[in-house]
Each structure stands twice: as C-alpha cells, then as structure tokens.
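S.K.: If you read the protein sequences in the order shown, they are chains A and B. Quick note on this note's numbering: the first sequence kicks off at 13 and runs consecutively. Quick note on this note's numbering: the second sequence kicks off at 25 and runs consecutively.
Please note that the accuracy of each hint is not assured.
Said to hold, decoys possible - As a list, the in silico DSSO-like pairs of lysine-lysine whose alpha-carbon atoms are at most 30 Å apart:
id : chain 1 : residue 1 : chain 2 : residue 2
1  : A       : K160      : B       : K217
2  : A       : K160      : B       : K176
3  : B       : K257      : A       : K160
4  : A       : K244      : B       : K217
5  : B       : K217      : B       : K112
6  : A       : K232      : B       : K112
7  : B       : K167      : B       : K217
8  : B       : K112      : A       : K160
9  : B       : K112      : A       : K93
10 : A       : K232      : B       : K176
11 : A       : K160      : A       : K232
12 : A       : K232      : B       : K59
13 : A       : K232      : B       : K217
Calculated from the structure, these hints are not laboratory results. Since we're looking at a predicted model, the values are computed, not measured.
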Amino acid sequence: MHFADNVDYPALLGRPIVFLPGLALLFEALRWWPFGSTAIGRGLTDLFGLSGLSAAADNLAVAGLATLFVGFNLAVVMRLKLRWQVYVVWLELAVLILVFFYSFNLSFDFIARKIGFLLTQGLMMTLYISVASISIASVLALLGAMAKLSSNGVAIGVANFYTSLFRGIPLLMQIYLIYMGLPQLGYVVNAVPAGIAALSLCYGAYMTEIFRAGIESIPKGQWEAARALGLKPNATLLRIILPQAMRVIIPPTGNQFIAMLKDSSLVSVVGVWELMYLARTQGQTEFRHIEMMITASMIYWLFSILLELVQARIERFYGRAHAR
Amino acid sequence: MTGRKRAPGETAMDADPAGPAIDIRGLGKWFGAFKALDGLDLTVARGERLVICGPSGSGKSTLIRTINALEGFEEGEIHVEGIRLTRKPSAVEAVRLRVGMVFQQFNLFPHLTVLQNCTLPLRLVRGLPAAEARERALHYLAKVRIPEQADKFAAQLSGGQQQRVAIARALAMEPRIMLFDEPTSALDPEMVKEVLDTMVQLAAEGMTMMVVTHEMGFARQVADRVIFMDRGKIVEQAPPDEFFARPREERTQAFLQQVLRLH
Chain A
13 MHFADNVDYP
23 ALLGRPIVFL
33 PGLALLFEAL
43 RWWPFGSTAI
53 GRGLTDLFGL
63 SGLSAAADNL
73 AVAGLATLFV
83 GFNLAVVMRL
93 KLRWQVYVVW
103 LELAVLILVF
113 FYSFNLSFDF
123 IARKIGFLLT
133 QGLMMTLYIS
143 VASISIASVL
153 ALLGAMAKLS
163 SNGVAIGVAN
173 FYTSLFRGIP
183 LLMQIYLIYM
193 GLPQLGYVVN
203 AVPAGIAALS
213 LCYGAYMTEI
223 FRAGIESIPK
233 GQWEAARALG
243 LKPNATLLRI
253 ILPQAMRVII
263 PPTGNQFIAM
273 LKDSSLVSVV
283 GVWELMYLAR
293 TQGQTEFRHI
303 EMMITASMIY
313 WLFSILLELV
323 QARIERFYGR
333 AHAR
Chain B
25 MTGRKRAPGE
35 TAMDADPAGP
45 AIDIRGLGKW
55 FGAFKALDGL
65 DLTVARGERL
75 VICGPSGSGK
85 STLIRTINAL
95 EGFEEGEIHV
105 EGIRLTRKPS
115 AVEAVRLRVG
125 MVFQQFNLFP
135 HLTVLQNCTL
145 PLRLVRGLPA
155 AEARERALHY
165 LAKVRIPEQA
175 DKFAAQLSGG
185 QQQRVAIARA
195 LAMEPRIMLF
205 DEPTSALDPE
215 MVKEVLDTMV
225 QLAAEGMTMM
235 VVTHEMGFAR
245 QVADRVIFMD
255 RGKIVEQAPP
265 DEFFARPREE
275 RTQAFLQQVL
285 RLH
C-alpha cells in the first residue's frame, strides 16, 4: 500500500516469500478446480497440443501452464511504473471477462442483428431516463439539503419526511406506486414520466443527505467571512460554500449517478422500452437470453466507465486549489 | 466614488456624520445560561485605535463579533456611524458595508485565488465591474505587499501572507471601521511581525480600529486606548502609557503579569 508518508514498503508481490507460496497456492487451486476441464483450460490444451494426455495429466499440465503464465505476467507488471501497472492490470482483467463471455459460445450473428435496436431504442431510452432523473434529483437534493440546514421548522419537517419516505421504500415499489397510484388521484401518468419521477424522488432523497453532509463539512469560518464581507445568504451558499463542498459531494454523487444508470432498468417493470426490457424481450424470441444479457451488461458497463471518467475530471477541477 | 451601486439605506441611515464611529449602550448577551456580555458600555471615536485584551472567555471576541452582527445580542443598543444595529437585513447590510473584519483563522476562501478572494465580494456586494474590481484588489494587495501572489491559492501561502491577504480583502471593500479578532494568534512567531507592521501602517492612515490581541507591544505602539475585559464587562480602560505603567484594578495587574512575563 502507498500511503502519503515517506515510508516505502516493498510491494507484497515483490517479495519471494509471498510471491512463490502465492503461485503454489494458485497452482493447487487450479488443479482442484479442475481448471483443465474449463473452456479456457481446453483452449490451452489445444494451443499447446496436449490432447494426447490423460485427463489428470492434462489438468496438471494446464494448471502448471496457467500458473507459469500468471507468475511471468506478474513479474513483468511489477517492474512497470505505477500508472502502467494500473492500466495493464485493468486491461488484462477486462480481457479475462471477455474471454469468459466468449466461452459461452455466443451467437454473434444474433447479437449483430439485434444490437442496432438495443442501441437506438433501448440505450437511448435508458440515457433519456437517466439524464432526466439525474438532473431533477440534483435539484431536489440541493433544495432538500438547504431545507434541512435552514432554521425553518416547516422546511426541515418536509425535508426530513421526504428523505425518510423515499429512502425507506424500495425503488421498485415507488415506481409501481407512482404509476398505478397517481391515477387514483385522477391523474393518469405515462410509464416514462412515472419512472423518471420515481427515480428522481428516490435518488434526490439519497443525494439530499450527501449534499447536506457536504455543505456541513465546510468550516463555520467560511460562512462568517462571507457574511462579514457583506455577502447575502444565497451568494454565500452558491459562490463560497457549494464550490468547496463539491470536493466532498462529487465522489458519492458519482456513485449515485452510476447506480441510477443501472437502476433505471427497474422502470422496465411498467413496460418502458429501455435497455433491460429490450434485452429481456428480444432474447426471448429466439431463446438467446444470455446473448442479450451480456450485450446489455456491456453497454451498461461502458456508460458507467464514461461516468467514472467524467467524475474523475470534475474531481480534478474542484480539487485544483488543493493540488500540491 | 462614482458608478458604484448604493447599498440599501446607505445614505438615508448615515444620520450622524459627526458622532462616534461605534456607540454601545448596556450591551448584554447570553450563551444559554452563560452571560458573555454584561451591560457593557463603549464609545469608539472616529479614527480611534482601540486594543481589547483580557483572559479567554472574557467576552472580547464576542464583543467585536456583535458589532458586525456575526453574533446577536439580547440587551442594549449598538450604533455604528449612527446606524442602529437591529436584526433587520437592511440594518445588518448597512453596518457590514462600513465594518471590515479580520479573523484569527484568516478564513480565506480556499477555492479562489488570492485575487478572486478580493474581487468576488467587490463584485457581488459593491457591484463593481470585473476590471474595476481587479484594479482595486491589486491596489490593496500591493498595499499589504503581496501583489505577486495574486494568482496563487491560499493553501500555497504562508500564514502571515494569508493573514495579509485577509486584511487586503477586507480593506478592498473600503470599510470605515476595521475589527481584528486575535489576528496574530494563529501565526508562527516569525510571521507575527509582518502582519503587525501592516496593521501599524493602517493605523497611521487614520483607520478606526478595534483590535482584540495579546500583542502588548502593538498596543503600546499604536493604541489610543487599551481596554481590559473580564466576565463580559470592561474592567479598566486607559491610554497605553497609563494602562501598562499604573494598572488600577487587581485583575488587570494579574493579567498583565501573566501576559508580559511571556513576552
């Protein structure tokens, strides 16, 4: 581990006393699995022309090969610079996941036929719902946090009730309640607005707490200095406090955005043609569920990565005054 | 000064141009059951330099924080240049326009550069256009001798430099009265002088100043009057020569012995 002090401990994996027993353990685990009979194991068997061996000997050989490969790979990676270590390990793990999916014997022809519809209809709807909900939730969160930090009992009461209710009921239930409950009040809502409302209200409640904690993390002296200079309350909040609170608010909010992107799939229960719904229904037609599930998963993941990158940028921006 | 927006009530309420800068009558304040200020009377003349000292918990910080409405009070009256300080936003705003404050912990805005720390309030409160705000901010940064740090963030400056920026930020608003709440107490010893020098220079220019400090050298050199507070009351007040040479009250003598032994 690299903490920000001056003590540089040698990396655990760089020590033979950890590295070698670790490899031995890996070898035993692969043998016990047995790795030789997995799809990847069989691939290795073919690759090295070991098909003549007995099953036990084959398993042994494949486990040995895989262990050697992992050991060699680690030894090389450990000699890279930290930044490159991170990139290489990330990519290798991503390849491993892809190989895992590939081993399902997917029909890429089927995926190629359906992916256009998944993207143009499903992804677009998912993004539309997510972006709309994220925007509304952010506004709700700011209002909720301001209410909770105000000296107005009515506002505090409303905000406390709001966060309690919408954090306390499952999101799935909220979607049903809004979609099927509002008509009871004489107001019929479509599935998409109902879904956006439920997601916004639910995530707005969680984010209210994030915003409140962020604002509270700013020392009292900042408020006092702004007041003493004559700034009005709104200007103080928007120009002095919030920009500083952003450093605390952004990381958990990024979490919420990523979670919401995927929770937008819950809206499929009221029949919205978003990514998850289409993945399920399109797969059913030809009994190719796993193809569609994996494709949809990859699309969700891709856009989560995008959000992670955006979050990192915003964090850098708000942290610039603290850079060393 | 042309072109700047008038603050609400700025002319209408400046009722007493010849009167004192600050006039406090029977000021009382509680923190729960603790009486922080106890029927305190104080008049500060325009251009007067006042040093307030006293043991911790004596109410000296609370006193100057009530003057620009960072703390409320329950009894008595405060008039700042003839404006009666109430809880009404218009009164509070008018008073804060006239009163600048420097804090023990500097309280610079860490997300803004030094220059932005000075220009942001000028633009938001005084309504100056960007170019004019920048010009005025640079003028006051030059005055506290740190114009070359204008584009740095607060965290990149030393404590003494940060406190001088805080002084420049307050001065740029062109207040009539400056309050200092233990401005050197959070500084390393070698940085105390640069901040005190800035304050001495400010005093020489005729600014009305109320300074809470334990720097007795500063009090001797600059103050017109030194006030000793204890338990929310003014125990003794006198010009510095008399105050340090012949303190009358026992509590003052005991306090001075404590403080002067350390210096």
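S.K.: Now, for every hint given, state plainly whether the structure supports it.
M.R.: Hints, verified against the model:
no. : hint              : in the structure
1   : A/K160 <-> B/K217 : violated, 44 Å
2   : A/K160 <-> B/K176 : violated, 35 Å
3   : B/K257 <-> A/K160 : violated, 37 Å
4   : A/K244 <-> B/K217 : violated, 34 Å
5   : B/K217 <-> B/K112 : violated, 39 Å
6   : A/K232 <-> B/K112 : holds, 22 Å
7   : B/K167 <-> B/K217 : holds, 16 Å
8   : B/K112 <-> A/K160 : holds, 23 Å
9   : B/K112 <-> A/K93  : violated, 62 Å
10  : A/K232 <-> B/K176 : holds, 23 Å
11  : A/K160 <-> A/K232 : holds, 17 Å
12  : A/K232 <-> B/K59  : holds, 22 Å
13  : A/K232 <-> B/K217 : holds, 27 Å
Of the numbered hints given earlier, the model fails hints 1, 2, 3, 4, 5, 9; all others are met.
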